[in-house]
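Make a model of the complete structure from these sequences and hints.
The working numbering puts the sequence shown at residues 2 to 449.
In case anyone wonders, no lab produced these hints; they're calculated from the structure.
Honestly, I wouldn't trust all of these hints.
Keeping only pairs whose Cα atoms sit at most 25 Å apart, straight-line, the calculated DMTMM-like set for lysine to aspartate or glutamate is [stated by the list, open to error]:
#1 K168 with E108
#2 K328 with D203
#3 K98 with D134
#4 K199 with E188
#5 K168 with E231
#6 K404 with E321
#7 K413 with E323
#8 K404 with E116
#9 K98 with D162
#10 K258 with E244
#11 K404 with D75
#12 K224 with E256
#13 K418 with E345
#14 K168 with E105
Just the calculated beta-carbon pair ranges, DEER-fashion [what the hints assert, rightly or not]:
#15 D48 with T303: 26 to 36 Å
#16 E293 with L327: 42 to 52 Å
#17 V19 with T45: 16 to 26 Å
Just so you know, even glycine gets a beta-carbon here, dropped at the ideal spot from N, CA and C.
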Amino acid sequence: MRTIISNANIVNEGKCFVGTVVIRDEFIEDIIVGETIEPNADDTIIDATGLWLLPGVIDDHVHFREPGLTHKADIESESRTAAAGGVTSYMEMPNTKPATTNLELLEEKFQLGAEKSRVNYSFFFGASADNSDLLPLLDPHRVPGVKLFMGSSTGNMCVGDSDAVRKVFEKSPLLIVAHCEDDAIIEQNIKQFKKKYKGQNDFPVRYHSRIRSIEACYEASSKAVQMAKETGARLHIAHVSSERELDLFEQKPLEDKQITAEACIAHLMFTTEDYDSLGTKIKCNPSVKTSEDRDALRDALTDGKIDVVATDHAPHLLSEKEGGALKASSGMPLIQFSLVTMLELTSEGVLPIEQVVRLMSHNPAQLYKIDRRGFIRRGYYADLVLVNPNANWQVTSGCYYTKCGWTPMEGKVFKWKVERTIVNGATAFANGIVVDSVRGRELRYNVE
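Okay, structure coming up:
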């Protein structure tokens with residue numbers, strides 16, 4: 002049986018055109034420019050007149066909290082949330098409880114994904130101070146990379162010792178995805194604030210960006226880049242948050258890079274000025290920075306220094322967000338709104354829609370060498386999203402799906418709206434409803 006998506010404004014591989022996409026079972030069978038085709042009696046027809054058809058988003062940076070933290074999120078709830086946002090594939094981070102730092106726990110994650118995930122899934126392996134000998138044992142066709150926390154964030158996976166960090170760079174056969182914040186600088190900043198405020202154990206959240214500072218990010222990022230150059234390791238710096246860090250990256254094609262960079266929605270949308278209205282709801286690690294940093298990151302979306310846009314989707318209960326710069330949990334749920342947020346930037350003239358697709362679909366697929374995903378091509382999996390450019394809708398409490406029950410986007414009005422998400426040829430989300438019978442597939446990687 003076929004599904005025919007007709008009269009769509011298709012965005013793919015740097016081109017926009019009106020056409021038809023034919024899906025047979027899980028795969029794209031044909032792409033027809035400027036014409037419709039005569040359907041068979043048993044074909045399913047989706048009239049996409051007035052809508053834009055994009056490859057499904059691949060989010061390479063999410064925290065779905067399972068196992069161990071399922072009171073605020075889990076694979077089922079957050080993959081449903083992903084489907085509602087046009088995200089057809091995700092790669093989940095290892096700082097759960099227990100952390101994914103041995104092969105048995107990694108396999109358990111894959112089993113959970115197979116049972117519960119509404120969209121396609123994969124899981125990073127977590128580097129620790131004493132598990133570098135396991136890195137050569139990882140299956141590069143199943144595991145997207147090794148997550149390295151160079152500085153503590155949330156959880157207990159910090160690899161702060163320089164010798165241990167070097168072992169990760171020397172032994173990992175996979176891409177190293179690094180969270181870069183320097184603990185020594187952060188601790189010194191905390192001491193200075195405690196001295197200024199006479200031993201207080203917390204401070205207003207507006208100081209979070211001065212504690213987890215630009216200097217802390219740059220120091221750790223520059224060390225990671227230097228180590229990658231010395232060892233020849235492939236390095237991907239997660240959630241670049243400052244203008245200064247952009248100096249570490251080159252402007253050249255993705256396929257020619259050994260060291261790549263990711264920007265996240267929080268740092269592209271929020272600044273320190275937003276603490277006054279949103280408070281700890283936008284507290285994240287690394288911290289949001291100044292408007293100048295945000296604008297520099299936006300510029301880097303089109304100048305070749307930023308390669309991938311992700312979410313760092315990190316749900317917490319609102320009760321866990323109470324407190325200030327030290328006590329409130331860091332992280333926010335954003336995956337449902339990542340695509341529409343980036344498309345709003347298109348409407349504002351920040352970047353063309355073709356570049357949104359490149360950063361959120363094409364480049365993640367190329368960076369990780371994902372098998373037959375991230376593009377609208379014949380023979381590729383039919384992971385697609387239809388979006389309406391003229392919906393003009395407002396985010397309210399009844400229209401988001403994350404288990405933690407809130408989003409910093411509440412109250413925001415979007416022009417763009419996800420109308421339908423297709424995963425492996427099946428509709429996973431349409432008309433505001435997640436189709437719970439649909440299950441994603443494990444991502445596979447075409448590595449040598």
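A quick look at each hint next to the structure:
1. Simply put, K168 and E108 have alpha-carbon atoms about 23 Å apart, close enough for the 25 Å limit, and the pair holds.
2. Note on K328 and D203: the hinted pairing holds, with a Cα-Cα distance of about 6 Å set against a maximum of 25 Å.
3. Taking the CA atoms of K98 and D134, the gap is near 22 Å; set against the 25 Å cutoff, the hint holds.
4. In summary, the hint linking K199 to E188 is supported, as the alpha carbons are separated by about 16 Å, within the 25 Å threshold.
5. For a cut-off of 25 Å, the pair hint linking K168 to E231 stands: about 12 Å separates their Cα positions.
6. At most 25 Å may separate the alpha-carbon atoms for a hinted pair to count; K404 and E321 meet this at roughly 14 Å.
7. Restraint check for K413 and E323: the C-alpha separation of about 22 Å stays at or below 25 Å, so the hint holds.
8. Using a Cα cut-off of 25 Å, the hinted pair K404 and E116 holds, with the two alpha carbons roughly 18 Å apart.
9. For the suggested pair K98 and D162, the alpha carbons sit about 22 Å apart, so the restraint of at most 25 Å is met.
10. Among the hinted pairs, K258 with E244 is consistent with the structure: their alpha-carbon atoms are about 20 Å apart, no more than 25 Å.
11. Proximity of K404 to D75 is assessed by CA-CA distance (about 8 Å); at most 25 Å being required, the pair is judged to hold.
12. Between the alpha carbons of K224 and E256 the distance comes to roughly 23 Å, so the proposed pair stays at or under 25 Å and holds.
13. Taken as a hint, the K418 and E345 pair is honoured in the structure, with Cα atoms around 10 Å apart against an allowance of 25 Å.
14. Restraint check for K168 and E105: satisfied, since their Cα atoms lie roughly 22 Å apart, inside the 25 Å limit.
15. About 33 Å separates the C-beta atoms of D48 and T303, a value consistent with the hinted range of 26 to 36 Å.
16. Taking the beta carbon of each, E293 and L327 are about 25 Å apart, not inside 42 to 52 Å as hinted.
17. Separated by about 20 Å at the C-beta atoms, V19 and T45 satisfy the suggested range of 16 to 26 Å.
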